[in-house]
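Asks: Here is what each chain is made of, one letter per residue.
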Amino acid sequence: DGGITQSPKYLFRKEGQNVTLSCEQNLNHDAMYWYRQDPGQGLRLIYYSQIVNDFQKGDIAEGYSVSREKKESFPLTVTSAQKNPTAFYLCASSMRLEAFFGQGTRLTVV
Amino acid sequence: SQQGEEDPQALSIQEGENATMNCSYKTSINNLQWYRQNSGRGLVHLILIRSNEREKHSGRLRVTLDTSKKSSSLLITASRAADTASYFCATDDTDKLIFGTGTRLQVFP
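Chains A and B, in that order, are what the protein sequence lines are.
Each step along the first sequence adds one to the number in my numbering, with nothing skipped, and position 39 is 39.
Counting from 1 along the second sequence, just add 1000 to a position and that's the residue number in my numbering.
The set of hints was computed from the structure by calculation and includes no laboratory data.
It should be emphasised that the depicted structure is a prediction, and the values quoted were computed from it without experimental measurement.
Certain hints may be false.
To be verified - Below 27 Å or equal to it, Euclidean Cα-Cα: the simulated DSSO-like pairs (lysine-lysine) are:
{"#": "1", "chain 1": "B", "residue 1": "K1070", "chain 2": "B", "residue 2": "K1026"}
{"#": "2", "chain 1": "B", "residue 1": "K1069", "chain 2": "B", "residue 2": "K1026"}
{"#": "3", "chain 1": "A", "residue 1": "K57", "chain 2": "A", "residue 2": "K71"}
{"#": "4", "chain 1": "A", "residue 1": "K57", "chain 2": "B", "residue 2": "K1056"}
{"#": "5", "chain 1": "A", "residue 1": "K83", "chain 2": "B", "residue 2": "K1096"}
{"#": "6", "chain 1": "B", "residue 1": "K1069", "chain 2": "A", "residue 2": "K83"}
{"#": "7", "chain 1": "B", "residue 1": "K1026", "chain 2": "B", "residue 2": "K1056"}
{"#": "8", "chain 1": "A", "residue 1": "K57", "chain 2": "A", "residue 2": "K70"}
{"#": "9", "chain 1": "B", "residue 1": "K1096", "chain 2": "B", "residue 2": "K1070"}
{"#": "10", "chain 1": "B", "residue 1": "K1096", "chain 2": "B", "residue 2": "K1069"}
{"#": "11", "chain 1": "B", "residue 1": "K1069", "chain 2": "B", "residue 2": "K1056"}
{"#": "12", "chain 1": "B", "residue 1": "K1096", "chain 2": "A", "residue 2": "K9"}
{"#": "13", "chain 1": "A", "residue 1": "K9", "chain 2": "A", "residue 2": "K71"}
{"#": "14", "chain 1": "A", "residue 1": "K70", "chain 2": "B", "residue 2": "K1070"}
{"#": "15", "chain 1": "B", "residue 1": "K1096", "chain 2": "B", "residue 2": "K1056"}
{"#": "16", "chain 1": "A", "residue 1": "K9", "chain 2": "A", "residue 2": "K57"}
{"#": "17", "chain 1": "B", "residue 1": "K1026", "chain 2": "A", "residue 2": "K57"}
{"#": "18", "chain 1": "B", "residue 1": "K1070", "chain 2": "B", "residue 2": "K1056"}
{"#": "19", "chain 1": "A", "residue 1": "K71", "chain 2": "B", "residue 2": "K1096"}
{"#": "20", "chain 1": "A", "residue 1": "K71", "chain 2": "A", "residue 2": "K14"}
{"#": "21", "chain 1": "B", "residue 1": "K1096", "chain 2": "B", "residue 2": "K1026"}
Could you put the whole structure together from the sequences, leaning on the hints where they help?
Replies: Take a look at the structure:
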């Protein structure tokens, strides 16, 4: 089945720790995106990548890092510098227009 | 720079009624899309309207676009309880998709 997979579905992090959220797609899409969603809010763009080995900061990139070593993969690392990381994280990919989303990772700082 | 702002923020209706939600955006666009999100899930693409189109239909969905007012509306006709979800508009900003704040729709049986 073609699609976009995020893992894990739930993630707990202690303060001061870095954590990495996985995003994999087998849709052969060039573009991939990471969004953050807070309760009852819209989506805010963290990072995006249009091609392998290239990515750009979105509106709220501080405290996050990404890599794009393979077309299929776009992992997001939430670093200890992110002061309020508890949120729902959504990964998406697109070829030209329509975006396809994963099911999200809910990150909680404990 | 959140591009789109939806209103209302929340909407509650009875099954069978129509639901209308609006989206306003700030800059010129090539196209505008509407997405649906069930609680705690990813977003699903519903419909895309290009900047040179004024209206588009897909099943019970009707989307309008007014580029002079930088606004779009999504109409869901004959709503069902299963339409309960959040709805977001999204616009293309150069090489990325920017989403609005969303409308939470509750349809009561």
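Asks: Are the Cα atoms of B:K1026 and B:K1056 separated by 27 Å or less?
Replies: Judged against 27 Å, a Cα distance of about 21 Å means the pair holds.
Asks: Given the hint that A:K83 pairs with B:K1096, test it: the Cα-Cα distance must not exceed 27 Å.
Replies: Distance ~25 Å between A:K83 and B:K1096 Cα, so the pair holds.
Asks: Check whether the Cα positions of B:K1069 and B:K1056 lie no farther apart than 27 Å.
Replies: With Cα atoms ~17 Å apart, B:K1069 and B:K1056 stay inside 27 Å; holds.
Asks: Compare the distance between the alpha carbons of A:K9 and A:K57 with 27 Å, and conclude whether the hinted pair is satisfied.
Replies: holds, 24 Å
Asks: Regarding the pair B:K1070 and B:K1026, is the alpha-carbon distance no greater than 27 Å?
Replies: Roughly 7 Å between the alpha carbons, so the hint for B:K1070 and B:K1026 holds.
Asks: What's the verdict on A:K9 and A:K71, does the C-alpha distance respect the 27 Å limit or exceed it?
Replies: Holds, at about 22 Å.
Asks: Next pair to validate is A:K57 with B:K1056; report whether the Cα-Cα distance is within 27 Å.
Replies: violated, 33 Å
Asks: Compare the distance between the alpha carbons of A:K71 and A:K14 with 27 Å, and conclude whether the hinted pair is satisfied.
Replies: violated, 31 Å
Asks: Holds or violated: B:K1069 and A:K83, Cα atoms, limit 27 Å.
Replies: Violated, at roughly 38 Å.
Asks: Is it true that the CA of B:K1069 sits at most 27 Å from the CA of B:K1026?
Replies: holds, 10 Å
Asks: Straight-line Cα separation of A:K57 and A:K71 no greater than 27 Å?
Replies: Holds - the C-alpha atoms of A:K71 and A:K57 are around 18 Å apart, at most 27 Å.
Asks: Straight-line Cα separation of A:K71 and B:K1096 no greater than 27 Å?
Replies: holds, 17 Å
The structure fails hints 4, 6, 14, 20 (numbered hints given earlier, in ascending order).
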